[in-house]
Structure formats: C-alpha cells, structure tokens
Amino acid sequence: MKSLEKTLKSVSENPRYIFRLTIQGVLVGIFAGIMVCLYRFLLAGSESVLRDYLGIIHGNVLYIILFFIALAVMGLLIDRLTKWEVDSAGSGIPQVYAEVKGHMEANWAKVLFSKITAGVLTALGGLSLGPEGPSVQIGGMAGKGIARLFKGSKTDELRLILVGSAVGITAAFNAPLAGVIFVFEEINHGFDKTLVFIALVSAIVSDFISKMIFGQSTVLSFPIYNIPLESYWILVILGVLIGLLGYVYNVGMIKSSEFVSNLK
0 MKSLEKTLKS
10 VSENPRYIFR
20 LTIQGVLVGI
30 FAGIMVCLYR
40 FLLAGSESVL
50 RDYLGIIHGN
60 VLYIILFFIA
70 LAVMGLLIDR
80 LTKWEVDSAG
90 SGIPQVYAEV
100 KGHMEANWAK
110 VLFSKITAGV
120 LTALGGLSLG
130 PEGPSVQIGG
140 MAGKGIARLF
150 KGSKTDELRL
160 ILVGSAVGIT
170 AAFNAPLAGV
180 IFVFEEINHG
190 FDKTLVFIAL
200 VSAIVSDFIS
210 KMIFGQSTVL
220 SFPIYNIPLE
230 SYWILVILGV
240 LIGLLGYVYN
250 VGMIKSSEFV
260 SNLK
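So the sequence shown is numbered by numbering that gives the first Met the number 0: it starts at 0 and just counts up by one.
Honestly, the hints are just simulated from the structure, not real lab data.
The C-beta atom is built at its ideal place from N, Cα and C for all residues, glycine as well.
Take these hints with a grain of salt, some might be off.
Claimed, not checked - Listed below are the simulated DSSO-like cross-link pairs for lysine-lysine, each with C-alpha atoms no more than 30 Å apart in a straight line:
1) K109 x K82
2) K109 x K263
3) K82 x K263
Stated by the list, open to error - Taking CB as the label site, the calculated pair distances span:
4) E185 x K254: 42 to 52 Å
5) I180 x A71: 40 to 50 Å
6) H188 x I253: 35 to 45 Å
7) I180 x N249: 35 to 45 Å
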C-alpha cells in the first residue's frame, strides 16, 4: 500500500515528466510488442515448415542430403550474423542485464535484425530455441530504439530498455504481470516506482496487441489432475529431483560454453 501511495504521489508531483514517459512507454509497448509478435509468428512458421519437410524427406536419400546441405548453409548464415553483430549471440537476457549495468552498448537496430533472423534460421534447422531470452532482448532493444528517438536522458533510456524487456515476456507468453515481475527479479534487482508504472502501461498495451494477433488462449497449457493428499510426498521428491537436474543443466551449459570458447 505504501509503495502504491509513493507511486501515485510521484505521478502527481511530476505530471509532465510522467506523462512523457507514459507516452514513450505506450510506444515501447506497441513497437516492442509488434517485434516480439513478429518473432513469435516467424518461429511458429519455421517450425511448421520444418515438420512438413521432415515428413516429405522421410526415406528419401536425396532429400536428406539436401536437408543437411541446407543445415550447413543456415549454420554459416547464423555464424555470419552473430559475427556481424556480436551482441545478438547468446540467450539475450545476460546481454540486456549487461546493457542496463553499463557493461556494453549494443546497436539496437542491428541486434533486432540479427536476433530475429538468426532465431528463425535456428528454428528452421530444428534446433532447440526457447522464446524467453530472445524475446527479452528483442523487447529491450526495441525500447532502446524508442528512447533514442526521443533523445532522453540515459536514465530514461535504461528504463525503457527494462520496459521493453517486460514487453518481451508479455508478448511472448501473453503474461503482462509475469513480464513486469521478471524485470525486477532477474534484471533490475531493485524497486523503481516510476519503472513499475511505465512497465505496467507498456505490458498492457503489448498484451492487447499479442491477443489481437494470437487470440486469448494461453501459450503454455497443461492438463490439470487432482492429486490425492496421501500422494503429496511424491511432489516433494519431484521438486528435489527437478532442482538437482536444473543445477546439473546450468553447470553443463556454462562448462560447455567455456569449452567452445576455448576451441581454436
């Protein structure tokens, strides 16, 4: 309640500044929302094309050879893209975090093009590609583009990058509240009442755009079963097991990345 009162007080004391930031937040919601929705649409199309082609090449040696040649070409294109814009390589979340903390200064337009194109080629090749990290970076760079358009302060630019990151999660998963919480939990690591206000506005705008394009259904849906109370001990074991597997996976990803980086 106190945080809400402080936010409303800030809005009342700085109406022009907050109004300007709100307008920029709306534009970030529109631009970043469209970019992430475009990425989401192209990923779905790539996966659909891949499934259809895999059905066609089944048992045909010539088509299988052509498919592997196409994989090699796509791999070379992705390599070129990530060398052309090195900040587009990787998950996307660490890059946004580094940008916000002042450790890097990415070219937002080049990152947008490279990230979307490389992501589509990766999905077309059948490789595993989650939408979360790339969507966060696409949204963040779209927010940076809007900030550069208005030529505001560096603080406002960083705020709009964070707002765009929230939009990335929102548009990717139709989850505006999760997008806002994600930014404070994973990237900002602090509470900024102005950022909360602007992020919520942008998330609502981008969620509206996402639902207009993809409909009201949730992105991730699971069947729900009633588990008897006497079987809840299984969930404890499951939680411990998943936690251990998550730790092994994270360590494995880091070690494998270091191994690849050390290759001549």
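Among all the numbered hints in the text so far, which are the ones the structure does not match?
Going through the list in order, the structure violates hints 4, 6, 7 and respects the others.
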